[in-house]
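Student: Keeping the supplied structure of chain A fixed, place chain B upon it in accordance with the hints.
Listed below are the residues making up each chain.
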Amino acid sequence: MDGKVKKQKQHQQKHSGPKAEKKKLKKQNGSTEEDERKRNPKAFAVQSAVRMAKTFHRAQDIKTKKHHVPVVDRTPLEPPPIVIVVVGPPKVGKSTLIRCLIKNFTRQKLTDICGPVTIVSGKKRRLTFMECNNDINSMIDLAKVADLVLMLIDASFGFEMETFEFLNICQVHGFPRIMGVLTHLDAFKNNKTLRKTKKNLKHRFWTEVYQGAKLFYLSGMVYGEYQNQEVKNLGRFISVMKFRPLVWQTSHPYILADRIEDLTDPERLRTDPKCDRTVSLYGYLRGTHLKNKGQVHIPGVGDFQMSDVNFLPDPCPLPGTQKKRALNEKERLLYAPMAGVGGVVYDKDAVYIDLPANHVKQLQEEVRPTTELVQSLIETHVTLDAKMAASKVSLFSGSAGLDPTDISEQSGVQEGLREIHVWDAHTQTQRRKVVFTGLEEEEDDVSGSSSDEDDDGSDQENQEEEDDLSTFLKEVRDKSEKATKGSTPPVKKRKLEEMQGEEEVIAEAPAFADSEDELERGEADSEGEGEAERAGDSGHCSKESEEDSDDEEDGDEDDESMEEEIGADDSDEEEEQGTFKWKEGLQQKASAAFLRHQEAAPNLRKLVYGSVVEAEDSEEEEEELGGLFRVNRPQKSKKVQADALDCSHFNPDISHNWELEEMLNSIRDCFVTGQWEEGQDAATLLKEDEELYGDFEDLETGKVHKGTTGEQDQAEVKMDDEEVQKNKRLEKKRRLKERFDTEYDDGDATYFDDLKEEMQKQAELNRAEFEDMDDESRVQYEGFRPGMYVRLEISSLPCEFVTNFDPHYPVIIGGLGTSEGNVGYLQMRLKKHRWYERILKTRDPLILSLGWRRFQTIPLYHIEDHNGRHRLLKYTPQHMHCGASIWGPITPQGTGFLAVQSVSGVKANFRIAATGVVLDLDKSVTIVKKLKLIGYPYKIFQNTCFIKGMFNTVLEVAKFEGASIRTVSGVRGQIKKALSTPPGAFRATFEDRLLMSDIVFLRSWYPVSIPQLYNPVTSLLLPVGQKDSWSGMRTVGQLKHDLGVRNKPSIDSLYKPITRAPRHFNPLHIPKELQKALPFKSKPKLLQPKGKVPRDLKRASVIREPHERKVAELLRALSTVHHYKKKVAQRAHHAKHKEFLQQKEKDEEAKMKRMKDARKKLYRIMGQKDQKKQRSSLKGTPQDD
Amino acid sequence: MASHGLTYEGCNFLRQRLVLSALSGKRVKIKNIRSKDDEPGLRDFEANFIRLLDKLTNGSTIEINQTGTVLVYQPGLLYGGTVEHDCNPQRSIGYYLEALLMLGPFMKSPLKATLRGVTNDLTDPTVDLLKSTALPVMKKFGIDGEGFDIKVRTSWYSVFVEMQSNPGMDKVAMHVILYLNLSLVLHPQVVKRGMAPGGGGEVVFTCPVRKTVRPVQLTDPGKIKRIRGVAYSVRVSPQMGNRIVESARGILNQFLPDIYIYTDHMKGANSGKSPGFGLTLVAETLNGYFLSAEMLSTPQGQGDPILPEDLGRNCAKLLLEEIYRGGCVDSSNQSLALLLMTLGQQDVSKVLLGPLSPYTIEFLRHIRDFFQIMFKIEVQKPLEDERKGGDKVLMTCVGVGYSNISKTLK
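Protein chains in written order, with UniProt numbering: chain A, 1 to 1185; chain B, 1 to 410.
One chain only, chain A, in its complex shape (with noise of 0.2 Å):
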């Protein structure tokens, strides 16, 4: 046979001839569908227009499906790592593949996963992997958190159950990237089995997460790794996979902490091995901006408060902009501190640090600013104190350090120093002369030269007005006088105070923050110096107002009159010594006060800001003065402040004389009637639209017309420099290009697109805001942005955090919006899950994961009736949605819960009891059950009856007067009136008389309170180990399982042998008139029983003779013969008659052939015949015929 198969005959194509023409030409010129529209127009005309309504309707459909709202771009320029979680059951080769995909992209080894492991895997990204462990409560904290999700699913096994579990947590909390991995396909040995376990797998994969979502298979293992091929694609998809933004993590910021510190005192934790610690947490900012000081929950821990944040740099750092294309060996970074990889390996009570020899230099930077202090504390063998009396702080890298006795030595003298600034008036005529809020400054300006009576009299008023407003400035003043001047040695002394109580209380503050000032009021200072060259008096008088701001914030609405006060003061004293010495004086205040505006400028942000902090400092000062006493001081200015008018009113500033034709030229420009701008002017624009549109041709006198716009710019060119122009030319052609889209593009934009252009807009604009500021001041306007690598310090966290801490469990620092750290009511909607075995019991206590947290709470389940009351329901629906309300959290609504029964342990069954999502945050909610009261009358008159048992005073009947009523029966009534007694008795009227066996009822709906009680999972705080066995209240029906508890079952439900006696019914009796009344048919019928009968109407028997008899017997005898005889004659017959139809058929049927041959004899005979004639026919009719 295998000779003989053919081979089928090849293709040959053709080189020449019309075809291959006709393929060459199509091939040259690529006809497209337009061609073809445009050859054969009516193939494509509009056959139908319904037809072509509908498939435009659904192609836009189509379209408008895909449409997402459109959210702000808010990832920033360098992103933080992908967390990339990889989940699965025990066994089936997750820290496997983690290595393996660690190797590919870093090329090292790392035996031990333990914690998020960041790696950079390209020049752009960089990879956080993080195995999940098979209990609940990794599972749910990690879904929240996971960028990307490796879901490892054993082929060999098939799905389990902690696969679906994690998919269904992950649909609650926002669903991630998801991507399935088969591993041990190793296992299969049949090529048709492997092949169709894929297809199932995939196809089951499919319905859960999406169709077509990608399920890759891991063949086998090769020396105990997956094949490197394999693993290399798995990783190309991670670099290239692209992500969803999820609504709760866009919206909150937060850590996967890799790297954890105990920075308590360890004096402290050798006395009180319990305290709570103070804990410095590690990790990339993600989600969004983190503020300092904010909440934070840390899942399994607890809610804190941040004591401090900052950011560090970068421990795994994304590789500079080069152009080549792949990474070197050195920027393919590993940072992976927990598994003992990137500096810091944890052991059990000592951090050891690994500096591997190709990361030394990176590790020392990052390493540097905390693990110092970390070591420092572990090395501590005596206390602060001691050090701190030991250390010395030098204020510059060059100068010598100070002791602290050495301030403590100045300290008195400081003092004294403090209130007395000596004014070098000559030295320093040219810059910073005087800023200061008050005119006593100034006056000591004055003073240099004049009196010592001058300068005590202003001291006095100076300490009198001092606030803290502008001691802080007079110390901005002074460092910054330093910096220019050179160090003279109060000015010092007055620094190094300063430093310290920065190094106290300024803790968001960047460190440095004031000697950057210094550079920056530096700048502003020579600025300010050409515009004072150059402004006129009048143009900068509203500074003024901003720097009587500083007064008015005092309290006082007048401040302004007491400023004037001071100024009349001063003039008065000085008008003692000579009358024209005022004018000099205001010569003085003015040119001060001009330089102080200038001053005030730069310094706003410190004036709103800055002051707090330095008000405190200050008041910390004066209460620390005497060491041993204080100084009483009235402190008024503060006092009037703190409970000064609350008004929004502006006072406007004094010195505007309005009636002053200068002080009206001023604002000119603000109304339309004012001077516009250059490129507002109507004239420069009317010019402009003459440049662009200028050169036309009128067609109908032929008449050329030029625009002037060459010689206009040569003219500009002798004016302006060519940077100008350059300008202009810009401006103009953006204008241009506005005015073409405007006219051109904009018909076609819908709204989406106008949104969508809206939020690319603000995407830009919120990058480039603070993209020029260093990120020390960046952080303080915007917050941390994700992307950073911060240090988090919390101060309160409980002890056996730290104790019992263990990496292979993820530590997430969420942050907590606004009023998310509060608790209240929450209303929820919830629907059992379909998978859950059993329903759910109101007020059984229930696990949720909802936002960040896990809590055990007690919900109550109900159900909206028609008329919208909140009626309790005992056990959720089963196919249904029911509401939830619960005391938990605040969160916002919208957000998504799932809710389990227990995290301890793990169930074949599936643990998932109920998901659903927040509705409502409301404080007051109604939830009624129904509640039926139960009374018997005890007195019937016709409709009314009296009623007692179900109320117990005369007062609650009072309450329900009028309120319906009801019996068992239907009978419906009202309440009327209570009666004296017995007590709780009442009158009530039916529609219809009673019976006293009738029971009545009262149908009422009473409100139920939510049982508060909110209890957060702290699975984390449970000795290694056990982390998994985390249980909090148990339900009823637990506790009565445990203690044994059996409820005595109420008699009427217990069931006993049922006992029935026999029925007995009375004849019916049907009255004689009725009867007679009845039809016959329906009449009872009376027949008399049956008498005896007669004697002569019976008929005597018969009695034979014995010959009779005999007779008879004979007989009988005979005619049985006879019946037989006749029986054996009739069967013969019948034998015969079948055989002679038998017979007769025979004859019939060779009659029948006989007849049919002749008749075939016949018809042959008669058709030769026929032929003949015809054929004699066709020849001619012969004569004779």
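It should be emphasised that the hints constitute simulated quantities derived from the structure, not laboratory data. Cβ coordinates follow ideal geometry from the N, Cα and C atoms, glycine included. One thing to keep in mind: the hints can contain errors.
[To be verified] Cut-off 20 Å, straight-line C-alpha distance, at most; resulting in silico cross-link-like pairs (EDC-like, lysine to aspartate or glutamate):
id	chain 1	residue 1	chain 2	residue 2
1	A	Lys199	A	Asp186
2	B	Lys381	A	Asp774
3	B	Lys350	A	Glu771
4	A	Lys606	A	Asp774
[Claimed, not checked] Here chain A is said to cover these stretches of chain B; the calculated rule only asks that three of the stretch's residues, wherever they fall, bring their Cβ under 8 Å from a Cβ of chain A:
id	stretch
5	219-225
6	382-390
7	395-408
Tutor: Just chain B now, with coordinates in the frame of chain A:
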């Protein structure tokens, strides 16, 4: 779990603190309220304000010690709905309304507050001022819609007076004004004006609910195109209004011809309990921003009486002062604008203001306390030859991403 609270001293800025507390959900404790005063403790109007806050919220707890010097406020849910409140005549309705403006958009159900008391007094921004300046500011933030209004008077009378005082106005303009006023008249508003000290006025403030506030870029105020105003008088001669208008126009006409100042004279039941008169001026810019100023007569029996001519002139000067300060938001609404910026999405918002008022500065500090938001403050100095008033301040911030947690999801 209990959220940490904030502690302040003294009764100053009480409204700010309570409002921010209600919005942020942070507990606030205020100590030493007039503790050194002869009459220690909270004043009546403050207690009244707290009562109003209590009406608006649900589940909040307020603790005041016996002398009234310590107040602890644990905010609840902002509920809104229909609220009627008798304001204390010590402060005008503006005092209460300023807080309501801040809280209104973040309620559970749309707010309809009827406030009774003093509509106009010297210390607080009057209702007319808030209506003409605060509402446009809020509209810029996307708080807009059918029921967003502070209902304050309109009467036929004003139209005719305006026509009389404007002999140059042509017929078309007259018709326009007639039409506009007619349309207003068609929606009858029960509004009564009540001057200090007696009060007796009534204001209805309605505000829709928003889930989020949108970020804004209010950086270019534009030039002032028109000035409008209301000169009102109650229980005095109706001529007062005209006298005020004359004098105010005298000053403002130097800058702009487009000035209409309506006079509003209330009679009978609508005129409250005390006599008085006043003027509110509003300047509108090309880009739709409003700057305003106002001036009132001194209340009956307190201080020297003021001539209507002086009042008009002074008020016009106040408006010029306000224009000199400039910015996109006028000085009395700075804090409102900054609050709405803070509560915006996590996007950059910018607003150009005049010099910051002390009230605003304190407000900024409070915002930092409650929301951990700091503003970037940049001073924009006017150019050499520019004649556009004094320094402006450009405030920039990134919103906290606040969403109205009171609103029900259906």
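Student: If a hint holds in the structure, say so; if it doesn't, say that too.
Tutor: Consistency of the hints with the structure:
At most 20 Å may separate the alpha-carbon atoms for a hinted pair to count; Lys199/A and Asp186/A meet this at roughly 16 Å. This hinted pair does not check out: Lys381/B and Asp774/A have alpha carbons roughly 24 Å apart, beyond 20 Å. The hinted pair formed by Lys350/B and Glu771/A meets the criterion: a straight-line CA distance of about 15 Å does not exceed 20 Å. Distance restraint check for Lys606/A and Asp774/A: the Cα-Cα separation of roughly 18 Å lies within the 20 Å cut-off, and the hinted pair is therefore satisfied.
Restraint check on the stretch 219-225 of chain B versus chain A: 3 residues with Cβ-Cβ distances below 8 Å, three needed, restraint holds. Counting residues of the stretch 382-390 of chain B whose beta-carbon sits less than 8 Å from any beta-carbon of chain A gives 7, enough to reach three: the coverage restraint holds. Given as covered by chain A, the stretch 395-408 of chain B passes the check, having 11 residues with a CB less than 8 Å from a CB of that chain where 3 are the minimum.
In the structure shown, a violation is registered for the earlier hint numbered 2 alone.
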